[in-house]
Amino acid sequence: MATAAADGRSLFYSGGMHLALLLFAIFGLPDLFDYDPEPEPIVVTLEPLPIARISNVKPVDAPIVKPKPKPPTPAKVVKSTPPVEQKKPEPKENPVKVPVKDKAPPEKEKEKPKEKPQNKDELDSILKSVREQAQQQENKDAKPKPVENVQQPGAKSEKYDPTIPMSLSEMDAIKNQIARCWSFDAGMKDSASLVVTVNAKLSPDGTILEAQLSPQSYAKAASDGYYNAAARAALVALKMPECQRLEGLPNDKYGTWKEMELVFDPRFLQ
Amino acid sequence: MKNSSLRFLIPSVWCVAMLALASPANAALKVVIDQPNFKPLPIAITDLSSNSGEGGTIGKDMTEVIEADLERSGLFKPISHSAFIEKVGYNFSLPRYADWRQINAEGLVTGTVVTDGTGKMKVTFRLWDVAQEQQMAGKEFNTLTRNWRRVAHLVADEIYKRITGEGAYFDTRVVYVSETGPAQKRIKRLAIMDQDGANHKFLTDGRYLVLTPRFSPNTQEILYLSFASGKPRVYLRDLQTGREESLGTFEGMSFAPRFNNDGSKMVMSIADRGDTDIFELDLRTRRMRQLTKSPGIDTSPSYSPDGRQIVFNSDRGGSQQLYLMNADGSGVKRLSFGDGRYGTPVWSPRGDMIAYTRMQGGSFYIGVMRSDGSGERDVSQGWLVEGPTWAPNGRVLMFQRQTGGGGKTRLYSIDVTGRNLREVLTPADASDPAWSPLLP
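Those sequence lines, one after another, are chains A and B. In terms of my numbering, the first sequence has 111 at position 111, counting the first letter as 1, and numbering is strictly consecutive. Quick note, my numbering runs 270 ahead of the 1-based positions in the second sequence.
Do not rely on the hints blindly, as some may be mistaken.
One-sided and incomplete, this derived list gives chain B residues near chain A with beta-carbon spacing under 7 Å [to be verified]:
no., residue
1, Ala298
2, Lys300
3, Val301
4, Val302
5, Asp304
6, Gln305
7, Pro306
8, Lys309
9, Ala401
10, Gln404
11, Gln405
12, Met406
13, Gly435
14, Arg620
15, Asp622
16, Arg665
Hint data in this document are derived by calculation from the structure and do not stem from the laboratory. Values in this document were obtained by computation on a predicted structure and should not be read as measured data. For each residue, glycine too, the CB sits at the ideal point set by N, CA and C.
Produce the complete structure using the sequences and hints provided.
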């Protein structure tokens, strides 16, 4: 009995071992150190996407205005553009107060719909047709809210996300405008090393309110004649009429560009 | 234990606090502008006004010289007087900056000339920064009226220095070899003039051949090669007395002389029995020392501004290239590795560059490289361009240029960037220019 049991066990072990051998032959040994680096490049290629989406915000504003003829059905989109056209002049009249003004209008708009239901309670049987108007008003109230969030500069700065970067095209626009005003003498000794940093403060319309050398640049300019000339060239560039107001800055990113660290770097000059 | 944990905790808290303080600075948007333009600086130079007719005439003449100096540098663009809105008179005090901004002036120069009728005058000038609305420089000169031209150069130098950060170079002179007559019977004379061509005069009469004049650091002496004795010899000439002196008689032919930075020594080449080497002569002790001993031709030595090194050209490697050695002749290393043959190296007074002549494919080039041999580039090219010499600020080069087919040989100046090529006007053909240091 005991030998029969032992035979059965050994048969079981033998079968198990053969099965294991068969499986190894088919699937191979497991690779405990196998790591696959291939997915990484795919992740990297996705990074530029959010920048591209944000850089499209400004240029898209104007084209949206054009498809006016659609009013009836896509009301949410079409009605949203005309108010933007009307409201655009506001920041121009008093650009500095934009954030303050922005807070007020939405509150008023919200209050109005609340008052109207109260009137309904008081005059409940007077005008049933008011319900239809109220519905329309509600629709209107519902529509402008997203519009303000998307396209009004003031509304955007209120919800401004400081982590949103400037797009490459926006940065290039700033660089090119200032570069046109910057006259640098490449013949100075070690001219490539004369990197000057200017800290600038801008108003919401892009006007340079204040421009002064960084503490490091200020100290170098005081002790080095060549550096002093390079520093002067940088400051003069920002005082040129063509550069006193930087064009094309996105209003909704004012929080990002209201202070700039302008680095005048001639190292790529021959 | 408690103490040790505190020892780590305090620096950690400090670091965190510093990082927190640093974050607002990072909030500013960083924009790197790396493609500047270059345009000459528009500057308004008003006539130096005076309370007398004589002073008024001198003031006008001085203004013309100042404008010409600054314009010729290529870094300034004087604005026409007819565009001026504000009229600046003798009692002028402060500029109306808006008026000068309106005509795009970035700098403004005002000044006065006061004469006393005895041949003396007082010249004052002020340089104003129109953009920053402040005075940048101001100076007063008391001198004789006949020195008006030199004072004008000094005023131009002050303006140039203050705005560009460079050293001055307008109050300088140039010595060169004036050439007249047919090619077979060429008459060569030493001549000297102000850097703008004014006050020209000949130093030798042309009876014997002269070559390669070089200024001493004190600007009162020149070294040059002369055939006065029938054989080529290096001579020293005192510019004030006109006295000439041969610097010894050597076996063979001596040539390519040049002073060191303080004028106490000179280097030259001596060719003897088919071998040309570089020698140093102490001008006080007249002791000679041989610096190179290689077979072949070692010549055109030029000291670094600190006097520690010498650049020269040699064919020791098979082709004519530039080499660098210590002032005692040790540590020789090759500096140029480009195509063609390199010659006549001259170390910039600024110390950062070496100018040279390069010959390649039938053309000549004036080039510059950093003193370590890097950054080589051509600044001028022609049928025959050679013999570069630096202005004392190391910013401008002068050289001789001959047009094709044996045409005119004239002097030209050019900015070290390769911009602003200008002919330096001379009465006749000119070669071998040497720019003086600033006049004392």
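We went through each hint and held it up to the structure:
1. Ala298: holds (4 Å)
2. Lys300: Since chain A brings a Cβ to about 5 Å from Lys300 of chain B, closer than 7 Å, the hint holds.
3. Val301: holds (5 Å)
4. Val302: holds (5 Å)
5. Asp304: holds (5 Å)
6. Gln305: holds (5 Å)
7. Pro306: At about 4 Å, which falls below the 7 Å cut-off, the nearest Cβ of chain A leaves the hint on Pro306 of chain B intact, so it holds.
8. Lys309: holds (5 Å)
9. Ala401: The hint holds - Ala401 of chain B has a Cβ within 7 Å of chain A, the shortest such distance being about 5 Å.
10. Gln404: With a closest approach of 11 Å, the Gln404 of chain B hint is violated.
11. Gln405: violated (14 Å)
12. Met406: For Met406 of chain B, the interface hint is violated, since the closest Cβ of chain A sits about 9 Å away, which is over 7 Å.
13. Gly435: With Cβ-Cβ at 3 Å, under 7 Å, it holds.
14. Arg620: It holds, given that the least Cβ distance between Arg620 of chain B and chain A is near 5 Å, below 7 Å.
15. Asp622: This hint holds: Asp622 of chain B lies near chain A, its Cβ roughly 5 Å from the closest one there, short of 7 Å.
16. Arg665: This hint holds: Arg665 of chain B lies near chain A, its Cβ roughly 6 Å from the closest one there, short of 7 Å.
In the structure shown, a violation is registered for the earlier hints numbered 10, 11, 12, in ascending order.
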